[in-house]
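So the protein sequences, as listed, match chains E and F. Per the working numbering, the first sequence runs over residues 416 to 741. Per the working numbering, the second sequence runs over residues 416 to 741.
Treat the hints as calculated values from the structure; they're not laboratory data. Small disclaimer: the values here were computed from a predicted structure and weren't measured. Note that CB positions come from ideal geometry on N, CA and C, so glycine has one too. The reader is advised that the hints may include incorrect statements.
Stated by the list, open to error - Footprint (simulated), chain E over chain F, 3 or more residues, beta carbon under 8 Å:
#1 443-454
#2 526-536
#3 561-569
2 protein chains.
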Amino acid sequence: MSGLKQKLTLLVENDLQDIEAALNQNLNPHVEMVRETAGHLIFSGGKRIRPLLNMLSARLCGYTDEFIKKFSTIIEFLHTATLLHDDVVDNASIRRGKPVAHSIWGAPVTVLVGDFLLARALHIAAETENPKIIKVIAEITESMCQGEIMQLIKKGDIRLTEKEYMDVIQRKTGYLIQGACQTGAILAGAPIEVENKLSEYGYHIGIVFQIADDLLDYTSNTKVLGKAIGADLKEGKLTLPVIYTLEHANAEDRAWMEKVITDKNFTETEFEKLIQLMHDTGGIRYCRKVAENHIRQAKIIIQTFPSSKTTETLMMIADYTLNRNA
Amino acid sequence: MSGLKQKLTLLVENDLQDIEAALNQNLNPHVEMVRETAGHLIFSGGKRIRPLLNMLSARLCGYTDEFIKKFSTIIEFLHTATLLHDDVVDNASIRRGKPVAHSIWGAPVTVLVGDFLLARALHIAAETENPKIIKVIAEITESMCQGEIMQLIKKGDIRLTEKEYMDVIQRKTGYLIQGACQTGAILAGAPIEVENKLSEYGYHIGIVFQIADDLLDYTSNTKVLGKAIGADLKEGKLTLPVIYTLEHANAEDRAWMEKVITDKNFTETEFEKLIQLMHDTGGIRYCRKVAENHIRQAKIIIQTFPSSKTTETLMMIADYTLNRNA
Numbered sequence: 416m417s418g419l420k421q422k423l424t425l426l427v428e429n430d431l432q433d434i435e436a437a438l439n440q441n442l443n444p445h446v447e448m449v450r451e452t453a454g455h456l457i458f459s460g461g462k463r464i465r466p467l468l469n470m471l472s473a474r475l476c477g478y479t480d481e482f483i484k485k486f487s488t489i490i491e492f493l494h495t496a497t498l499l500h501d502d503v504v505d506n507a508s509i510r511r512g513k514p515v516a517h518s519i520w521g522a523p524v525t526v527l528v529g530d531f532l533l534a535r536a537l538h539i540a541a542e543t544e545n546p547k548i549i550k551v552i553a554e555i556t557e558s559m560c561q562g563e564i565m566q567l568i569k570k571g572d573i574r575l576t577e578k579e580y581m582d583v584i585q586r587k588t589g590y591l592i593q594g595a596c597q598t599g600a601i602l603a604g605a606p607i608e609v610e611n612k613l614s615e616y617g618y619h620i621g622i623v624f625q626i627a628d629d630l631l632d633y634t635s636n637t638k639v640l641g642k643a644i645g646a647d648l649k650e651g652k653l654t655l656p657v658i659y660t661l662e663h664a665n666a667e668d669r670a671w672m673e674k675v676i677t678d679k680n681f682t683e684t685e686f687e688k689l690i691q692l693m694h695d696t697g698g699i700r701y702c703r704k705v706a707e708n709h710i711r712q713a714k715i716i717i718q719t720f721p722s723s724k725t726t727e728t729l730m731m732i733a734d735y736t737l738n739r740n741a
Numbered sequence: 416m417s418g419l420k421q422k423l424t425l426l427v428e429n430d431l432q433d434i435e436a437a438l439n440q441n442l443n444p445h446v447e448m449v450r451e452t453a454g455h456l457i458f459s460g461g462k463r464i465r466p467l468l469n470m471l472s473a474r475l476c477g478y479t480d481e482f483i484k485k486f487s488t489i490i491e492f493l494h495t496a497t498l499l500h501d502d503v504v505d506n507a508s509i510r511r512g513k514p515v516a517h518s519i520w521g522a523p524v525t526v527l528v529g530d531f532l533l534a535r536a537l538h539i540a541a542e543t544e545n546p547k548i549i550k551v552i553a554e555i556t557e558s559m560c561q562g563e564i565m566q567l568i569k570k571g572d573i574r575l576t577e578k579e580y581m582d583v584i585q586r587k588t589g590y591l592i593q594g595a596c597q598t599g600a601i602l603a604g605a606p607i608e609v610e611n612k613l614s615e616y617g618y619h620i621g622i623v624f625q626i627a628d629d630l631l632d633y634t635s636n637t638k639v640l641g642k643a644i645g646a647d648l649k650e651g652k653l654t655l656p657v658i659y660t661l662e663h664a665n666a667e668d669r670a671w672m673e674k675v676i677t678d679k680n681f682t683e684t685e686f687e688k689l690i691q692l693m694h695d696t697g698g699i700r701y702c703r704k705v706a707e708n709h710i711r712q713a714k715i716i717i718q719t720f721p722s723s724k725t726t727e728t729l730m731m732i733a734d735y736t737l738n739r740n741a
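Working from the sequences, and respecting the hints, build out all of it.
Dropping the structure here:
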């Protein structure tokens, strides 16, 4: 474990335990099979970054009520719902080092359990009786679906621009992380300026999170990552390192890349050559630079709050988001 | 067109036009493909019974605001979302006489567009800023998913009891229709007794609706029904006429039925023999009797309201629910 991860783990140990317990308590399925199917993915070692950001944001705004534990499950349930549907949509085979749910229970059950988790999340949101919170949660859900649909439509499109990519990742990943921070502040009854600050912090973290995820597909290995490396490209998912490299490679390399991407059945050697190209054109470096810029902005926001264990944790999460290895 | 349908159509003509316009206005997709995919099913001649019940319930409670048009789309969007996912789950091929969405756009897009419609519905509900309404809508959504999951788990189980069947249909169909009536009353600010009465009316209509639907699979024909007749049984979906007949057939017929149901690849002759058995054991008659009992109770509730065009329409809908041919 890296030093950063170790320090962060110590800081959030108790919160993570609370989150695990709350996820277990609030699933409340009428049908036991839902617990089994949903639980397979929910309790498979997710990092809980999203519910954690929700808790920390509320705490930073002075919120001390126990309800935050239950509330934070909204964020993880929404996240799990989209993962379940994503895996069906992408026909994935492993996730977090385990076979995906639909390979065990079939796509039908998996689709319906995903629906249940979406509904469960919105039901818990409704319990707050806070219209603003409910609206934010509903908007996040709507945005995530649209982001996924945009991504699906653009699959295999080698003309995908950086702007379109940013639009997709903000919708499919960014809004949920942003909303986790924002709803924490709303729940705490924070003034609008504070709510906006945390929302903006979440916005930056969301973008870093997805860029880091996309980078890992070209810089990690299958065992550490818990899913097949190169999977994005095999599915025709063009991410920032590829988009940048396509744009900055010379004509010959670009033509070769287009062939490899369109073909999809690339060999390991071809994939290695692609990664080399990403390094040579500066694609990997560029992605890190974009992410680091967002980390910097996220940290500046947190520095406007009085220093505390919570601000320290939020600063550390900003760094960890890019520098994780899975 | 039957006399009942003709009369009913005249009574609700304007409302149906308003519903069509509202569905079109409130889909609001960020991605145009969502409109195309969702619209394929939404605008394929649904009967709009659910949003209509919502409108009529609100009106019966004195609600006159235009917002009901937008609000009623929640109910139809939720309904459409479950149909889209159902068709993927059941691997259906036609619905309302048209090829199902996933046969045109593929299962991935269809799953995601279904998600979008769920989210869109909950987003519109959130706009009311009425915590009670939002809770009811969230609970309906949760129940529907669970009903679908229960149905899926019980597929092909020849020991399914009438009680289990009733539990499934109430969750997957009943709650939405009940909720359509109940939220109409809540939106109108009706007293709790009135809200409960309309909720109960919706409960009865919901059960009649599903029993009628299940009967049609054995009493209609493919052209009128807009989907393959006998499809329920082919999918292993045991409905009330089958459950009753299994229970009341003699040992020999029962054994034959079990074989046909388990086998699924029954011939047209076998299917006809099955329908004959349903008539002989009184299965069809029993289902109609159960439904008629619920219709009677639904009408008794409406008769407690001062007579008006709206009560007349709600009475007629109760009859139409069972006596429709598609």
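A quick look at each hint next to the structure:
| no. | hint | in the structure |
| --- | --- | --- |
| 1 | 443-454 | holds (count 5) |
| 2 | 526-536 | holds (count 9) |
| 3 | 561-569 | holds (count 6) |
In terms of the numbered hints stated before, the structure departs from none.
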